[in-house]
Amino acid sequence: MIPFRRPLSALLLALVASAALADASLLNASYDVARDVFKDYNPLFQKYWKQKTGENLELKQSHGGSSKQVRAVADGLEADVVTMNQANDIEFLAEKGLVAKDWAKKFPNNASPYTSAMLFIVRKGNPKALKDWGDLAAPGIQVIVPHPKNTGNGRNTYLSAWAWALKQPGGNDKTAQAFVGKLLKNAPLFAAGGRDATTTFMQRQMGDVLVTFESEAELIAREFGKGGFEVIYPSLTLQTEFPVAIVDKVVDKKGTRHQAQAYLDYLWSKEGQENAAQNYLRPRDAALLKKYGEQFPAVKTFTVDEVFGGASKAFATHFKDGGSFDQIYVQK
Amino acid sequence: MATKTHRVLPGFGLALGYTLVYLSLLILLPLGGMVLKASELGFGQIMDIALSERSLAAFRVTFGASLLAATVNAFFGLVVAWILVRYPFPGKRFVDALVDLPFALPTAVAGITLSTLYAGNGWLGSYLEPLGIKIAYTPSGIVVALIFITLPFVVRTLQPVIEDIESDVEEAAASLGASRWQTFSRVIFPAIAPALLTGFAMAFSRAVGEYGSVIFIAGNLPLISEITPLLIISKLEQYDVLGATALAVVMLAISFLLLLGINFLQWWAANRYKNEEPLEAAASRAVGGQP
Chain A
1 MIPFRRPLSA
11 LLLALVASAA
21 LADASLLNAS
31 YDVARDVFKD
41 YNPLFQKYWK
51 QKTGENLELK
61 QSHGGSSKQV
71 RAVADGLEAD
81 VVTMNQANDI
91 EFLAEKGLVA
101 KDWAKKFPNN
111 ASPYTSAMLF
121 IVRKGNPKAL
131 KDWGDLAAPG
141 IQVIVPHPKN
151 TGNGRNTYLS
161 AWAWALKQPG
171 GNDKTAQAFV
181 GKLLKNAPLF
191 AAGGRDATTT
201 FMQRQMGDVL
211 VTFESEAELI
221 AREFGKGGFE
231 VIYPSLTLQT
241 EFPVAIVDKV
251 VDKKGTRHQA
261 QAYLDYLWSK
271 EGQENAAQNY
281 LRPRDAALLK
291 KYGEQFPAVK
301 TFTVDEVFGG
311 ASKAFATHFK
321 DGGSFDQIYV
331 QK
Chain B
1 MATKTHRVLP
11 GFGLALGYTL
21 VYLSLLILLP
31 LGGMVLKASE
41 LGFGQIMDIA
51 LSERSLAAFR
61 VTFGASLLAA
71 TVNAFFGLVV
81 AWILVRYPFP
91 GKRFVDALVD
101 LPFALPTAVA
111 GITLSTLYAG
121 NGWLGSYLEP
131 LGIKIAYTPS
141 GIVVALIFIT
151 LPFVVRTLQP
161 VIEDIESDVE
171 EAAASLGASR
181 WQTFSRVIFP
191 AIAPALLTGF
201 AMAFSRAVGE
211 YGSVIFIAGN
221 LPLISEITPL
231 LIISKLEQYD
241 VLGATALAVV
251 MLAISFLLLL
261 GINFLQWWAA
271 NRYKNEEPLE
281 AAASRAVGGQ
291 P
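Chains A and B, in that order, are what the protein sequence lines are.
Just so you know, we're using this note's numbering here: the first sequence kicks off at 1 and counts up by one.
Just so you know, we're using this note's numbering here: the second sequence kicks off at 1 and counts up by one.
Keep in mind the hints are simulated off the structure, nothing from the lab.
Every residue gets a Cβ at the ideal spot worked out from N, C-alpha and C, and that includes glycine.
Honestly, I wouldn't trust all of these hints.
Unchecked claim - Reference excerpt, derived from the structure (chain A facing chain B, CB under 10 Å, subset only):
#1 A74
#2 E78
#3 A94
#4 E95
#5 K105
#6 F107
#7 N109
#8 H147
#9 L189
#10 A192
#11 D326
Said to hold, decoys possible - Distance windows between CB atoms, simulated:
#12 B:L117 / A:K185: 34 to 42 Å
#13 A:D132 / B:L117: 29 to 37 Å
#14 A:A316 / B:M47: 35 to 43 Å
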């Protein structure tokens, strides 16, 4: 027993000391695959903050499914800031009164410091000649997507296909729904999440096309090598946003508003934008976007606000129980 | 004359109180909270949620696959338990330890591993698919995952019971002229039936609630391979906590009724065989003799 006591108290002391060394701490609740972005971003900001104020800021991350994360924040997880991949998740916090109602106006660019786009990954040489959304709904094509109702990635795919169908000659909600229905009938399964879909397509070699984020395509190249697949940009696709917000209730209680504001502001700085670009997220900074032009080819995009009148509305129309997705499967 | 029976653990009152508090905190409180939350919706609304086409399909898939998996395990689990108790063979301890692994493995790992094996280009799937048998991303995949997850329940409940049946009983039956089948069906099976039912019930209930492993192999297509826990998650994605709770309560009610039925069967089996007929008598009856 006794020999253990000394290292134990040393450990405790170290813990207390490290907590004391940090002058303040911020908790960032974020979605699953944002790990890499913030792993690189946090040291950048700490260095900047130390230089600017002399304060040692401790930065903690919490990652999980986007909706699960905001539910945790609503239930009392003391996150100072939330950095998400779906606006309706932050809307939920706004409804609960944890985040300002006009959170999207508190930062530039709809409070989204960088964006991504939905694209296709096809087998090497594109054997089925898949060029645009229309080709994905053709008979005999297998499309790999995550669950369109339960995952953000799947919802973005669904909305992209819907918007494309709307923009076709004579397109309306009815034809769009029929088109998306046809496309989804080509899905042999709905993957449990974005990464599961990637594994199914790349490792299990199922399907002719995988629909995913541009940023995910680069990770696939890193993991599986560039040789096995090709990236196809459709004629029109969804620009996905990554909204951020300060959790008012928490920062007011902890007295960390000042730091939280700076933490999120810095995402728009040159360093923050460059970090995003290096993680294959499209920076808002036009000059940087040009500098990294090779990895971000020009693509015609739309936002959810433009076509669907906002994330919450899009969610309610399409993904709530009885919404357009359910109607495709259950005719009443 | 007031007699006080001596018991190993002191204080019946204390122990009972402890039991009640413990069970209340661990089981009744969360479940009660759940039912209370669901009761914010009226009975009609709960039924609307439970009887929607997708919910009904999901209930069918969930309970059907669970019953099937528990049945398969009742049979093969019995074989495994029997082999492990009755026969010495090299590596027996190793095999015995293997049985517990599904308990220890994170369920998501199990699901991903199984879907990799049974996918069209997997070790097993690549042989099955040319035969027209698709496992991964079909309802069969759900059954496979559930069989894997629930195997230990049947084996581990049966092992001690089989150990209790001494081989003398079998020898007695044999010496009285019982055939192998008679010995099994009239002597051994009645003795292990209650434990087999317990194992079956545990395997079944575990299977009904399983999410992590199933989700990666099921395919999750609406009306075809969606399980009820997935619908619950889907409701939570919509921040519809009430709807999710309602589904959970209905699921719990169905499970409870089924388990009650199984318990009743068990009680019936135990009464029929255990009390009225000691093993020796059964052995004798097996060959038509008088006890």
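**Message:** Tell me the numbers of any earlier hints that the structure contravenes, in ascending order.
**Reply:** 2, 3, 5, 6, 7, 12, 14
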